[in-house]
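Colleague: Protein sequences, first through last, are from chains A and B. Take the position in the first sequence, starting the count at 1, then add 305; the result is the number in the numbering used here. Take the position in the second sequence, starting the count at 1, then add 334; the result is the number in the numbering used here.
Some hints could be false.
To be verified - Computed Cβ-Cβ distance ranges for the label pairs, DEER-style:
#1 A/Gly466 - B/Gln373: 33 to 39 Å
#2 A/Gly464 - B/Ile413: 30 to 36 Å
#3 A/Asp346 - B/Ser410: 31 to 37 Å
#4 B/Asp385 - A/Arg370: 21 to 27 Å
To be verified - Under the rule of at most 27 Å between Cα atoms (straight-line distance), these lysine-lysine pairs were calculated in the DSS-like manner:
#5 A/Lys414 - B/Lys354
#6 B/Lys345 - B/Lys375
#7 A/Lys414 - B/Lys345
#8 B/Lys337 - B/Lys354
#9 B/Lys354 - B/Lys388
#10 B/Lys386 - B/Lys399
#11 B/Lys375 - A/Lys414
#12 B/Lys388 - B/Lys399
#13 B/Lys345 - B/Lys394
#14 B/Lys388 - B/Lys337
#15 B/Lys375 - B/Lys386
#16 A/Lys383 - B/Lys399
As the list claims (entries may be wrong) - Here's a subset of chain B near chain A, in silico, CB distances under 7 Å, partners left out:
#17 Pro351
#18 Ala355
#19 Ile406
#20 Ser410
#21 Val411
It is worth saying that the hints were derived from the structure and are not from the lab. Every residue, glycine too, gets a C-beta built ideally from N, C-alpha and C.
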Amino acid sequence: MKSAVVLLPGLNRDRDMIAALTKISGTPPVTVWQTDSEIPDVDLIAIPGGFSFGDYLRCGAIAARMPVMRAVSEMAAKGVMVIGVCNGFQILVEAGLLPGALMRNTSLKFVCRQVKLQIANANTMFTRRYQPGQIIRSPVAHHDGNYFADAETLRRLEGEGQVVFRYAEGTNPNGSINDIAGIINGQGNVLGLMPHPENLIEAAHGGSDGRALFESALGIAA
Amino acid sequence: MIKARITVTLKNGVLDPQGKAIEHALSGMGFDGVGQVRQGKVFDVELAESDKAKAEADLKAMCDKLLANTVIENYSVAIT
């Protein structure tokens with residue numbers, strides 16, 4: 306399985322994502338820059354977290370209009386897996402690859418802590434190595450993770466199993482609607498989530514609950 | 335040249351925690367009778383265009399494509 310990591314000015318979790326993909330797949334991902342209008346032939350494209358373009362205008366808004374995101378959209382339409390973490394999730398939403406919007410946390414505070422996540426759908430390319438309903442731990446670090454979608458979109462997301470991760474056991478850190486932490490597109494190949502699974506993949510991180518997400522996507526046996 | 339002011343505000347029903355915090359701060363400062371406060375953004379845009387209708391259409395496209403997130407925000411365009 307080959308992967309690519311999208312690089313944009315202001316991202317700061319790119320090296321964590323590269324390290325996670327390298328350690329889990331055994332092969333370093335290729336990197337693509339914001340101005341690249343083509344992405345090499347890969348199975349998985351990851352958009353890491355951070356503060357692309359300083360979060361100017363809205364989180365992810367400028368990044369979503371860069372040439373590389375047109376290339377990501379084209380690859381996604383062909384069925385290539387795309388994962389956006391934190392700012393990467395915000396970029397996917399701004400690019401229209403996922404529905405809804407990510408708004409300022411209701412606390413108005415930046416939250417940096419560990420939360421519990423429920424696997425709301427274990428039947429996706431990204432979660433098949435988890436058990437349905439399983440509770441895992443994951444770090445979060447964001448200021449704008451408050452997921453919002455209009456009632457009709459929300460009904461569709463819930464009805465079609467597109468809510469993949471939910472904050473569990475009262476750990477919702479941002480006020481997101483229905484405790485939504487991560488969603489997938491209708492086609493099932495584009496995932497966005499606010500938590501950072503790439504930061505919990507080995508003992509040195511204090512746990513490896515995030516590892517199965519990458520193993521699922523990369524088709525690696527547990 | 336045409337100058338325009340674009341105002342972007344949150345749609346009704348979308349929670350505005352920043353507006354709420356401002357509302358509470360104003361009350362705390364002693365401004366009595368402050369009702370709901372909703373915050374938003376203003377963009378002053380200069381356009382090298384003389385046709386007002388064309389400018390308005392362009393500005394609306396700019397709002398739809400970048401300046402506003404129409405999932406959560408409304409916008410208005412005023413040519414000044």
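Colleague: The structure should be examined with respect to each hint, and the outcome stated for every one.
Modeller: The hints, checked one at a time:
no.	hint	verdict
1	A/Gly466 - B/Gln373: 33 to 39 Å	holds (36 Å)
2	A/Gly464 - B/Ile413: 30 to 36 Å	violated (44 Å)
3	A/Asp346 - B/Ser410: 31 to 37 Å	violated (45 Å)
4	B/Asp385 - A/Arg370: 21 to 27 Å	holds (26 Å)
5	A/Lys414 - B/Lys354	holds (14 Å)
6	B/Lys345 - B/Lys375	holds (13 Å)
7	A/Lys414 - B/Lys345	holds (22 Å)
8	B/Lys337 - B/Lys354	violated (32 Å)
9	B/Lys354 - B/Lys388	violated (38 Å)
10	B/Lys386 - B/Lys399	holds (20 Å)
11	B/Lys375 - A/Lys414	holds (20 Å)
12	B/Lys388 - B/Lys399	holds (16 Å)
13	B/Lys345 - B/Lys394	holds (17 Å)
14	B/Lys388 - B/Lys337	holds (13 Å)
15	B/Lys375 - B/Lys386	holds (23 Å)
16	A/Lys383 - B/Lys399	holds (24 Å)
17	Pro351	holds (5 Å)
18	Ala355	holds (6 Å)
19	Ile406	holds (5 Å)
20	Ser410	violated (17 Å)
21	Val411	violated (17 Å)
In terms of the numbered hints stated before, the structure departs from hints 2, 3, 8, 9, 20 and 21, listed from lowest to highest.
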